[in-house]
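Produce the entire structure from the sequences given, and follow the hints as far as they go.
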Amino acid sequence: MIYQATDVVNFAQGEMAMFSTYLAWSMLNAGLPYWVAFFATLAVAFVGGLLLERVVIRPVESAPVLAIVIVCIGLLVILNSVAGFLYSYIQKPFPSPFPEKPIRVGNIYFGAHDLGAIAVTLVVLVLLYLFFRYTTLGLAMRAAAQNPASSRLVGIRVGWMLALGWGLAAMVGAVAGMMIAPVVFLDPNMMAGILIYAFASATLGGFTSPGGAVLGGFLVGVTENLVGTYVKFIGTELKLTVALAMILIVLLVKPSGLFGRAIVHRV
Amino acid sequence: MPLLEAVRLEAQYGWTKVLHGLDFTVDEGGITTILGANGAGKTTTLRAVCGMLRTGGEILFDGRRIDGKATEAIVRLGIAHAPEGRGTFVGLTVEENLRLGAYGRRDRSGVARDFERVYQLFPVLAQRRRQAAGTLSGGEQQMLAVARALMLRPRLLLLDEPSLGLAPLVVREIFRAVRTINREERVSVLLVEQNASIALSLADHAYLIETGRVVMSGRADELRENEAIRRSYLGY
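Respectively, the protein sequence lines represent chains A and B. Under my numbering, the first residue of the first sequence is numbered 1, with each subsequent residue one higher. Under my numbering, the first residue of the second sequence is numbered 1, with each subsequent residue one higher.
What the hints contain is simulated information worked out from the structure, not anything from laboratory work. On a predicted model such as this, the values are computed, not experimentally measured, just so you know. Treat the hints loosely; a few may be bogus.
Below, a sample of chain A positions facing chain B; criterion: calculated Cβ distance under 8 Å [unchecked claim]:
1) L50
2) R54
3) R58
4) T136
5) G138
6) L139
7) A140
8) N147
9) S150
10) V154
11) G155
12) I156
13) K239
From the three backbone atoms N, C-alpha and C, an ideal C-beta is built for every residue, glycine too.
See the structure below:
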């Protein structure tokens, strides 16, 4: 989704999310109610993402993709270290807004937090979809990513659209971070594993297809657990390797993913 | 007073100078064409007007300097550009392309009326409104480019070789639409063309440029009668 709006695969996405989650943690520690901290974090994340784009990405905007990717990786390392410096590398518990009692559906018990997190994620996805599909601003953002020159010719401020894209990305990342933190605990490296899963999902489903990425996520999860359970020597220790191997295989066999379109630029 | 006026317009790509002090005007409500062979600087001229590259000299729109302004600011003054290669948003639908054309306009009812208007001018676009623009034929994409430019409700329309690579029948349809808009809505047009005969039949004023300089200019009907033009550009 965010890739659609910015046309750059942002490797720092996970660290931005981690950093936002720490902010939320600070606010909660200061005694703010959960949902106040939640929305305040979203606002700060949005502004932060916007500023990062303006300050860090802007100067390399017209540089080759590789340069942008390197800058993103640099950003990843910096955010990671700064978070470690400010908050230390010791894991911290992060509260869930949902009750602790499991919810029973038929004979199956679900963790309330898992269900809540899924619900929140779905709401965010639907909102994003509606935003990109039906609002003029969303349309302009997609246009700016696809064809900057033509976008300027219809009066779109392309630079601002990219900045907005980063703001949105940071905001969505913050939601993800706050939903994941109660499960994996809060620490500067908490997004590393998750980011690999996210890239595996997106690669498998196709970077150009948000729906494909969601389905790719299911496929990665199912495959990984099946392989982990039934192939003895992999077990739980090498589960993450399965996801990495899937990225590699997809890139080798079908780089555009299962549902993505190959992007062909006419010369 | 001319709507658009270029005074000693210069432009370059890197170290290569492409325009060497071009003077031309487009009258309010008029159609001006710039003719020239490949590489004469026609496309560059339009790009220069839109602020898509660094220029020297002056460009005045409605009496005010616009050179040095950002493209999106120039566009908002009412200059619509249907660029070379059509500049379609191939991944978006026809309707979304047209909505983008009206980006920056706030008069919803006027935009709705203009949708009807361009669908009336190019009925095929109405049939294809939900289709991705990349799936359209070349002619349909050119119509979309013109239609998208019109959605801006421009005072000045810049057209970059709308006839390029299209069947004569399609070219005629597009030019008929341009003439209609010009007559009924007094949209001024700056048309850049290699196809001199069709351009001269539409325009009321023409310039002939060679390697970034104006070599001849005058009323379109006069240029059509000109011996040299006829031999080199009209081919009879």
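- Query: Holds or violated: is there a CB of chain B closer than 8 Å to the CB of V154 (chain A)?
  - Reply: holds (5 Å)
- With chain B as the partner, please determine if R54 (chain A) meets the hint condition of a C-beta pair closer than 8 Å. Interface hint status for R54 (chain A): violated (16 Å vs cutoff 8 Å).
- Classify the hint on G138 (chain A) as holds or violated, based on whether any CB of chain B lies nearer than 8 Å to its CB. Result: violated, 10 Å to nearest chain B Cβ.
- Query: Would the hint on R58 (chain A) stand, with a C-beta cut-off of 8 Å toward chain B?
  - Reply: violated (15 Å)
- Is the interface hint for T136 (chain A) satisfied, with its Cβ closer than 8 Å to some Cβ of chain B? holds (7 Å)
- Item | chain B contact restraint for L50 (chain A) - C-beta distance below 8 Å | violated (19 Å)
- With a cut-off of 8 Å on the beta carbons, see whether K239 (chain A) makes it to chain B. Result: violated, 36 Å to nearest chain B Cβ.
- Task: Closer than 8 Å between Cβ atoms is the bar; does N147 (chain A) clear it against chain B? Give me holds or violated.
- Result: This interface hint holds because 5 Å falls under the 8 Å limit.
- Message: Can you verify the interface hint for L139 (chain A): is its Cβ closer than 8 Å to any Cβ in chain B?
- Response: OK, holds: L139 (chain A) within 8 Å of chain B, min 6 Å.
- Query: Taking the closest Cβ pair, is G155 (chain A) under 8 Å from chain B?
  - Reply: This hint holds: G155 (chain A) lies near chain B, its Cβ roughly 4 Å from the closest one there, short of 8 Å.
- Is the shortest C-beta separation between I156 (chain A) and chain B less than 8 Å? holds (6 Å)
- For the hint on A140 (chain A), does the least C-beta distance to chain B fall short of 8 Å? holds (6 Å)
Figure legend: structure checked against the earlier numbered hints; hints not met, in rising order: 1, 2, 3, 5 and 13.
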